[in-house]
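*Asks:* Every letter in the sequence shown is one number past the one before it in this note's numbering, and letter 107, counting from 1, is 107.
Derived from the structure by calculation, the hints contain no laboratory data.
On a predicted model such as this, the values are computed, not experimentally measured, just so you know.
Ideal placement from N, C-alpha and C gives every residue a C-beta, glycine not left out.
Treat each hint with caution, since some may be false.
DEER-style ranges, computed between Cβ atoms [said to hold, decoys possible]:
| no. | residue 1 | residue 2 | range |
| --- | --- | --- | --- |
| 1 | Ser137 | Gln77 | 25 to 33 angstroms |
| 2 | Ala261 | Leu296 | 42 to 50 angstroms |
| 3 | Leu259 | Asn48 | 54 to 62 angstroms |
| 4 | Ala93 | Asn132 | 17 to 25 angstroms |
| 5 | Ala79 | Ile161 | 51 to 59 angstroms |
| 6 | Leu293 | Ala248 | 31 to 39 angstroms |
| 7 | Ala93 | Arg303 | 27 to 35 angstroms |
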Amino acid sequence: LTLADLARQVRQPFYGEAAQRVQRGREDVKVMVRFPASERRSIADIENMRIRAPGGIEVPFSTVASATWARGYATIQRADRQRIVDVTADVDARVANANEVLADLKRTLLPTLVSDYPGLHYSLEGETREQNETMSSLMRGFAIALLAIFALMAIPLGSYIQPLIVMTAIPFGITGAVWAHIVLGMDLSFLSVFGIVALVGVVVNDSLVLVDYINSRRQAGEPIGTAVHEAGVARFRPILLTSLTTFAGLTPILLERSLQAQFLVPMAVSLGFGVVFATSVSLVVVPCSYLILADLGSLVRRRSEREALETEAATEAAAMPRSFQG
Numbered sequence: 001l002t003l004a005d006l007a008r009q010v011r012q013p014f015y016g017e018a019a020q021r022v023q024r025g026r027e028d029v030k031v032m033v034r035f036p037a038s039e040r041r042s043i044a045d046i047e048n049m050r051i052r053a054p055g056g057i058e059v060p061f062s063t064v065a066s067a068t069w070a071r072g073y074a075t076i077q078r079a080d081r082q083r084i085v086d087v088t089a090d091v092d093a094r095v096a097n098a099n100e101v102l103a104d105l106k107r108t109l110l111p112t113l114v115s116d117y118p119g120l121h122y123s124l125e126g127e128t129r130e131q132n133e134t135m136s137s138l139m140r141g142f143a144i145a146l147l148a149i150f151a152l153m154a155i156p157l158g159s160y161i162q163p164l165i166v167m168t169a170i171p172f173g174i175t176g177a178v179w180a181h182i183v184l185g186m187d188l189s190f191l192s193v194f195g196i197v198a199l200v201g202v203v204v205n206d207s208l209v210l211v212d213y214i215n216s217r218r219q220a221g222e223p224i225g226t227a228v229h230e231a232g233v234a235r236f237r238p239i240l241l242t243s244l245t246t247f248a249g250l251t252p253i254l255l256e257r258s259l260q261a262q263f264l265v266p267m268a269v270s271l272g273f274g275v276v277f278a279t280s281v282s283l284v285v286v287p288c289s290y291l292i293l294a295d296l297g298s299l300v301r302r303r304s305e306r307e308a309l310e311t312e313a314a315t316e317a318a319a320m321p322r323s324f325q326g
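Produce the complete structure using the sequences and hints provided.
*Replies:* The structure is reproduced here in structure tokens:
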């Protein structure tokens with residue numbers, strides 16, 4: 001006689017077993033068969049019931065088990081045939097955030113529970129698991145977006161280096177978004193990351209305009225230094241106004257205090273402050289990066305030309321004695 005057999009035999013007469021189903025209109029009514037109420041009121045009723053043992057022998061319940069009062073579960077949940085208990089809690093945002101609480105649990109309480117109860121296993125489920133899965137998917141999408149941005153710029157620019165110059169604005173945009181959260185005393189939430197991902201596609205616009213203008217001036221025959229200078233002067237106002245108008249458009253969300261709009265504020269902070277910071281820095285970094293890479297390219301070309309000349313001279317020098325002897 002196993003524990004499962006015993007539990008099933010006790011459950012059927014006291015809780016009941018569905019004998020059939022009756023259709024009443026749109027409702028499906030179960031017909032339960034169980035002991036009458038007078039025979040399932042006390043522990044004595046359980047102890048006196050007959051239990052069918054292997055071989056068909058019936059014995060009193062008290063001979064195979066004992067019934068006592070103890071604290072039990074209202075419901076028993078199982079996953080993969082293992083009993084589980086869900087532990088949920090609400091976090092007081094004024095004291096800590098969910099990530100800090102989870103980090104503290106992993107560092108202190110959970111290792112102690114596992115060491116005290118070797119058969120215990122735990123996993124982070126619910127919102128935490130969904131957030132981790134979504135974050136992993138978001139990072140994969142972020143990497144794909146970066147590759148797509150690089151490819152879309154490399155084709156029209158006809159260069160593998162200039163897209164990297166344009167994309168130097170992305171780290172500064174992310175830095176601006178993170179610093180904005182620190183200054184405003186806000187936690188870097190999941191929606192903040194969404195704002196940062198959206199920021200990547202916005203901050204490259206200003207740098208792309210600047211690089212494209214430099215290329216157009218160089219194609220017109222201007223020296224690289226003059227082209228960079230003219231691009232900075234001509235594109236400064238449009239680039240700055242574009243970023244400021246973007247920030248101004250997000251200002252109503254940043255200043256909103258209603259509960260319904262609070263989940264949008266972290267995203268607006270990442271996008272607005274990231275655009276402003278990236279624009280301010282890229283107006284200096286992009287022209288400087290363009291000049292540095294142009295100088296490096298010139299240096300590599302001069303070195304290649306010098307090596308080619310040296311190789312040609314060595315070849316001619318090696319060929320002269322043979323010509324003289326002939």
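*Asks:* Hints the structure violates: just list their numbers, smallest first.
*Replies:* Structure breaks hint 7 only.
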